[in-house]
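Residue strings, one per chain:
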Amino acid sequence: MSEREQGMTVAELAALVGGRAAGEAEARVWGVASLEAAGDGDVAFVEDEKFFGAARACRASCVIAPEGSASKLEGSGGGVVEAARPKLAFALAARALSPPQKLPGHVHPAAAVAEGARLGEGVYVGAGASVGEGAELGDGTQVHSNCVVGRGVRVGRDCVLRPNVVLYEGVQLGDRVVLHAGVVVGADGFGYVRDPEGVYHKFPQVGTVVIEDDVEVGANSCIDRGALGETRVGRGSKIDNLVQVGHNVWIGERVVIAAQTGISGSTVIESDAIIGGQVGFGDHARVLSGAVIGSQAGVLPGKIVRPGVWWGTPIQPLEEYKRLNALWGRLPRMRDEIQELKRQVKELLARLDEEGK
Amino acid sequence: MSEREQGMTVAELAALVGGRAAGEAEARVWGVASLEAAGDGDVAFVEDEKFFGAARACRASCVIAPEGSASKLEGSGGGVVEAARPKLAFALAARALSPPQKLPGHVHPAAAVAEGARLGEGVYVGAGASVGEGAELGDGTQVHSNCVVGRGVRVGRDCVLRPNVVLYEGVQLGDRVVLHAGVVVGADGFGYVRDPEGVYHKFPQVGTVVIEDDVEVGANSCIDRGALGETRVGRGSKIDNLVQVGHNVWIGERVVIAAQTGISGSTVIESDAIIGGQVGFGDHARVLSGAVIGSQAGVLPGKIVRPGVWWGTPIQPLEEYKRLNALWGRLPRMRDEIQELKRQVKELLARLDEEGK
Amino acid sequence: MSEREQGMTVAELAALVGGRAAGEAEARVWGVASLEAAGDGDVAFVEDEKFFGAARACRASCVIAPEGSASKLEGSGGGVVEAARPKLAFALAARALSPPQKLPGHVHPAAAVAEGARLGEGVYVGAGASVGEGAELGDGTQVHSNCVVGRGVRVGRDCVLRPNVVLYEGVQLGDRVVLHAGVVVGADGFGYVRDPEGVYHKFPQVGTVVIEDDVEVGANSCIDRGALGETRVGRGSKIDNLVQVGHNVWIGERVVIAAQTGISGSTVIESDAIIGGQVGFGDHARVLSGAVIGSQAGVLPGKIVRPGVWWGTPIQPLEEYKRLNALWGRLPRMRDEIQELKRQVKELLARLDEEGK
Numbered sequence: 006m007s008e009r010e011q012g013m014t015v016a017e018l019a020a021l022v023g024g025r026a027a028g029e030a031e032a033r034v035w036g037v038a039s040l041e042a043a044g045d046g047d048v049a050f051v052e053d054e055k056f057f058g059a060a061r062a063c064r065a066s067c068v069i070a071p072e073g074s075a076s077k078l079e080g081s082g083g084g085v086v087e088a089a090r091p092k093l094a095f096a097l098a099a100r101a102l103s104p105p106q107k108l109p110g111h112v113h114p115a116a117a118v119a120e121g122a123r124l125g126e127g128v129y130v131g132a133g134a135s136v137g138e139g140a141e142l143g144d145g146t147q148v149h150s151n152c153v154v155g156r157g158v159r160v161g162r163d164c165v166l167r168p169n170v171v172l173y174e175g176v177q178l179g180d181r182v183v184l185h186a187g188v189v190v191g192a193d194g195f196g197y198v199r200d201p202e203g204v205y206h207k208f209p210q211v212g213t214v215v216i217e218d219d220v221e222v223g224a225n226s227c228i229d230r231g232a233l234g235e236t237r238v239g240r241g242s243k244i245d246n247l248v249q250v251g252h253n254v255w256i257g258e259r260v261v262i263a264a265q266t267g268i269s270g271s272t273v274i275e276s277d278a279i280i281g282g283q284v285g286f287g288d289h290a291r292v293l294s295g296a297v298i299g300s301q302a303g304v305l306p307g308k309i310v311r312p313g314v315w316w317g318t319p320i321q322p323l324e325e326y327k328r329l330n331a332l333w334g335r336l337p338r339m340r341d342e343i344q345e346l347k348r349q350v351k352e353l354l355a356r357l358d359e360e361g362k
Numbered sequence: 006m007s008e009r010e011q012g013m014t015v016a017e018l019a020a021l022v023g024g025r026a027a028g029e030a031e032a033r034v035w036g037v038a039s040l041e042a043a044g045d046g047d048v049a050f051v052e053d054e055k056f057f058g059a060a061r062a063c064r065a066s067c068v069i070a071p072e073g074s075a076s077k078l079e080g081s082g083g084g085v086v087e088a089a090r091p092k093l094a095f096a097l098a099a100r101a102l103s104p105p106q107k108l109p110g111h112v113h114p115a116a117a118v119a120e121g122a123r124l125g126e127g128v129y130v131g132a133g134a135s136v137g138e139g140a141e142l143g144d145g146t147q148v149h150s151n152c153v154v155g156r157g158v159r160v161g162r163d164c165v166l167r168p169n170v171v172l173y174e175g176v177q178l179g180d181r182v183v184l185h186a187g188v189v190v191g192a193d194g195f196g197y198v199r200d201p202e203g204v205y206h207k208f209p210q211v212g213t214v215v216i217e218d219d220v221e222v223g224a225n226s227c228i229d230r231g232a233l234g235e236t237r238v239g240r241g242s243k244i245d246n247l248v249q250v251g252h253n254v255w256i257g258e259r260v261v262i263a264a265q266t267g268i269s270g271s272t273v274i275e276s277d278a279i280i281g282g283q284v285g286f287g288d289h290a291r292v293l294s295g296a297v298i299g300s301q302a303g304v305l306p307g308k309i310v311r312p313g314v315w316w317g318t319p320i321q322p323l324e325e326y327k328r329l330n331a332l333w334g335r336l337p338r339m340r341d342e343i344q345e346l347k348r349q350v351k352e353l354l355a356r357l358d359e360e361g362k
Numbered sequence: 006m007s008e009r010e011q012g013m014t015v016a017e018l019a020a021l022v023g024g025r026a027a028g029e030a031e032a033r034v035w036g037v038a039s040l041e042a043a044g045d046g047d048v049a050f051v052e053d054e055k056f057f058g059a060a061r062a063c064r065a066s067c068v069i070a071p072e073g074s075a076s077k078l079e080g081s082g083g084g085v086v087e088a089a090r091p092k093l094a095f096a097l098a099a100r101a102l103s104p105p106q107k108l109p110g111h112v113h114p115a116a117a118v119a120e121g122a123r124l125g126e127g128v129y130v131g132a133g134a135s136v137g138e139g140a141e142l143g144d145g146t147q148v149h150s151n152c153v154v155g156r157g158v159r160v161g162r163d164c165v166l167r168p169n170v171v172l173y174e175g176v177q178l179g180d181r182v183v184l185h186a187g188v189v190v191g192a193d194g195f196g197y198v199r200d201p202e203g204v205y206h207k208f209p210q211v212g213t214v215v216i217e218d219d220v221e222v223g224a225n226s227c228i229d230r231g232a233l234g235e236t237r238v239g240r241g242s243k244i245d246n247l248v249q250v251g252h253n254v255w256i257g258e259r260v261v262i263a264a265q266t267g268i269s270g271s272t273v274i275e276s277d278a279i280i281g282g283q284v285g286f287g288d289h290a291r292v293l294s295g296a297v298i299g300s301q302a303g304v305l306p307g308k309i310v311r312p313g314v315w316w317g318t319p320i321q322p323l324e325e326y327k328r329l330n331a332l333w334g335r336l337p338r339m340r341d342e343i344q345e346l347k348r349q350v351k352e353l354l355a356r357l358d359e360e361g362k
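Residue numbers (my numbering), protein chains in the order written: chain U, 6 to 362; chain W, 6 to 362; chain P, 6 to 362.
One should not assume that every hint holds.
One copy or two, it doesn't matter: identical chains are merged, so the pair holds either way.
List of simulated lysine to any residue pairs, SDA-like, C-alpha gap at most 25 angstroms [as the list claims (entries may be wrong)]:
| no. | residue 1 | residue 2 |
| --- | --- | --- |
| 1 | Lys107 | Ala75 |
| 2 | Lys347 | Gly175 |
| 3 | Lys55 | Gly234 |
| 4 | Lys207 | Ala42 |
| 5 | Lys327 | Arg311 |
| 6 | Lys55 | Arg291 |
| 7 | Lys92 | Tyr197 |
| 8 | Lys308 | Ser74 |
| 9 | Lys327 | Glu235 |
| 10 | Lys92 | Leu293 |
None of these hints come from the bench; they were simulated from the model. Please read all numbers here as calculations on a predicted model, not as lab measurements.
Use the sequences and the hints to build the structure in full.
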């Protein structure tokens, strides 16, 4: 079956995304692209009216556009799908037209699967991957080359472990979890106790990690196991590359965390929080649902972060941060004003003394 | 032998940790847990008197508690071990009761061990691991799946290389070194020389890395080889995940470095320093023994950091940082005060001019 | 052929680096070392006159030194090569004397190379490496153990992929590209669209990555694929360890980026920019050619960074940053001055009121 045959008509696409077809509704589409790069068979999208000109000029077979805008896009030649949220509709279209490649159920002969591991239907295990004793892989799960799945790990259905992912012993993944290359789940947390001679002894790191359904974790990120209890990442949360999640951290549902952020032990990030990149969290902090934390911010240990937008180190409400930052830039003027005041007051004093004679 | 048979009595535990048994001294323990989660057979610990209530209510078979506190924990039902440092005693108990699993000496048939490599007694090499020509692995060392041990590498006794660790050619590890998944030791340092056309040529990165005994390095951390000399991590130091250690860095003994910190070339961190997460060090800095550097701090190139607690970018003594930070928050008031002073002085001047007429 | 036979004379070295030989021009050299560690057969270098004493005392067989300095180094015993840029000449000497080891063309029997992959002459593929369907590896390219080269990837000539590198489907590498251990190229960018229920849907990440000739990327760094278009790293750019390059980022030629820096989506860094470590870039920023950005700096989304040296968060010109930072330290004095002014003005007012009676 060719790509074209796998595609759909503009009308079918409109139905899929809950939109309304206009223009060439019977045109076929089988790919997605940007307005600039789109060609025959591609779907593109436009949200902002200032790009309508580009949309009219583009060569896509279908443009997804805001409701009521089809008449403004007439020049485009292809079909139009009006949708309440064009970008969302485009994402759904892409999932239908360019679904992530699903590898066929198959255990590569160069994989090392323990006898006691249990593999569901249609599981793929790539060359060089290891699956440990007692591990379970749910139906349709794909374990790419050179992944290492430890003893007693439980992975749900339709998960994708990209190459070189490491799951330490006993960690648990829900369904449809995607871990990008080099992710490490369940390494020991960073906890030591110092003895009177100054030597560090490992505090037990014998807990586990639970990653719920529909979580995606970016390349080379690390999620440590709990010291005694568990580290948890809630359903639908999305974590970018090179992120550090410490032991016993609890991340709620639909939390978004950008690249290179680090979260110290036992910190809680409640559902629907949004965290920028390179943010640092001290231990035992708590981010309440609805908080948004800007990139490079620093959250002190134990801090409670309320809903709203936060910035800076230590974090402050964004408006406060902006106000203070503007004043920071005014410091030279403030210093000059103080000098001028000192001069004037000195002169006043002299004058009074003079007159007082 | 069951877990229970592998366990010990409360009295034996007291002897092991140098404490004093009270209550049910003959109760058997075989695991560790938090006060909240502990059940039959578990050891828990309590340090702070405010958790004594929780300790009395807990279901552990043994609670390790501060000296002189056994009488206050009578309700707990199980045994009590009084110890000078309960958390340390708990760590030692955990090591005895839940020692890290030791894989049996075995070279997996799917490992690629060079003919000229020398393996000690009881060495484990997992599936997909490579051990290069001339490499040495000391007795009892475990090289997990998909690790790559380069040519001429020397690894001491009882080391643990978790999956996907990479040791470049010629690096040296002492005894009991633990490297978590994805650690890279000995990659080229970041050094280039620019020619008149602006092209960068690699400065030779032909030194090595020496990691001394009892060092632990967290997942996906990188320790670069020396350019000409060596990069060194001293005995008993502990490094967290995603840390970058540049070429020719010298880290002393019992240094602790939290996640995502980066150390530029030739910087020295003396023994017993404590470094927070996401700290950045310029090159050729020197941290003296006894210094503590807070998370996200920035240390300028060449800076000497004396003993004490430091914070901020560029780093300052914590007390100074706090004082200045408090003043930062007072900037709006200071600006208002300056405005008010300007108004008053202007008025004074006008009044004097008026009166001077 | 022994190392000595592979070496060269001081006179030959001078010719190679475009310098002038002096002293023992027929001495043979076959290695490089620092002034302190150098011995028989080694080349060392000195640039700064303050190290001339050390250079005279050193035991190298050849010292590369600034033009006109040979007479000042007479005590050194060995040869001297005068060069306009001694450090550059030393780098070139090192490349000639200690070239990176080239593994012989060979596909290890424990590698998994797809039938449809095309391998050039002299390609090395290590144990446990996978090369996917339709992938191409140019002549002389080395794919070390446990690398994973995805379907349809194109790698040029004489590239080196150190162990555990992952190239996702379809990415392209030019010639002489060096990727250190654990590098991930082409993982999905971090882009989601939220639906009215708050659920995140993946924005399509179906673009690619192009890495041009002579790029080097440090261990465990990540370069994400474009969402719809491409992410690109230009010829001769050098990226350190643990760096994050987001989707659709464009990096020009001869750009240098130090460790742990993170670059958000669609940001452009023009040729010849120099970026410190732990810098954070918001999305859609643009760094113009000739800009130098200090470590830990923060660049806001959409910011245009002009040529010059920049520092701080949000970034400012270095001179401005220094001036403001100095004033920050003066805040306590400014506060005191304001208090003193308030006291004086109050006194003045009282005095005037008194006199006005």
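task: Classify it for me, Lys207 with Ala42: is the Cα-Cα distance of at most 25 angstroms met within a copy, between copies, both or neither?
output: between (55 angstroms within a copy, 20 angstroms between copies)
query: Given identical chains, is Lys92 near Tyr197, meaning Cα to Cα at most 25 angstroms, within a copy, between copies, both, or neither?
result: For Lys92 and Tyr197, the Cα distance is within 25 angstroms only across copies (10 angstroms; inside one copy 47 angstroms).
message: One pair to classify: Lys107 and Ala75, alpha carbons no more than 25 angstroms apart. Within, between, both, or neither?
response: neither (35 angstroms within a copy, 60 angstroms between copies)
query: Is it within a copy, between copies, both, or neither that the alpha carbon of Lys327 lies no farther than 25 angstroms from that of Arg311?
result: Both, since 18 angstroms and 23 angstroms are each at most 25 angstroms.
Status of Arg291 relative to Lys55 across identical chains (alpha carbons, at most 25 angstroms): Classified as between; 21 angstroms across copies, 41 angstroms inside a copy.
- prompt: From the Cα coordinates, with 25 angstroms as the cut-off, is the pair Lys327 and Glu235 best called within, between, both, or neither?
  reply: neither (38 angstroms within a copy, 34 angstroms between copies)
message: Reference check for the pair Lys308 and Ser74, CA-CA at most 25 angstroms: within, between, both, or neither?
response: Intra 47 angstroms, inter 31 angstroms, cutoff 25 angstroms: neither.
message: Regarding Lys347 and Gly175, is the shortest C-alpha distance of 25 angstroms or less found within a copy, between copies, in both, or in neither?
response: Answer is neither; intra-copy 70 angstroms and inter-copy 67 angstroms both fail.
message: Within a copy, between copies, both or neither: which one fits Lys55 and Gly234 at a CA-CA cutoff of 25 angstroms?
response: Close across copies (21 angstroms), not inside one copy (52 angstroms); limit 25 angstroms.
message: Checking an output row: Lys92 and Leu293, CA cutoff 25 angstroms. Within, between, both or neither?
response: Answer is neither: 28 angstroms inside a copy and 30 angstroms across each miss the 25 angstroms cutoff.
Checked against the numbered hints given earlier, the structure breaks hints 1, 2, 8, 9 and 10 and satisfies all the rest.
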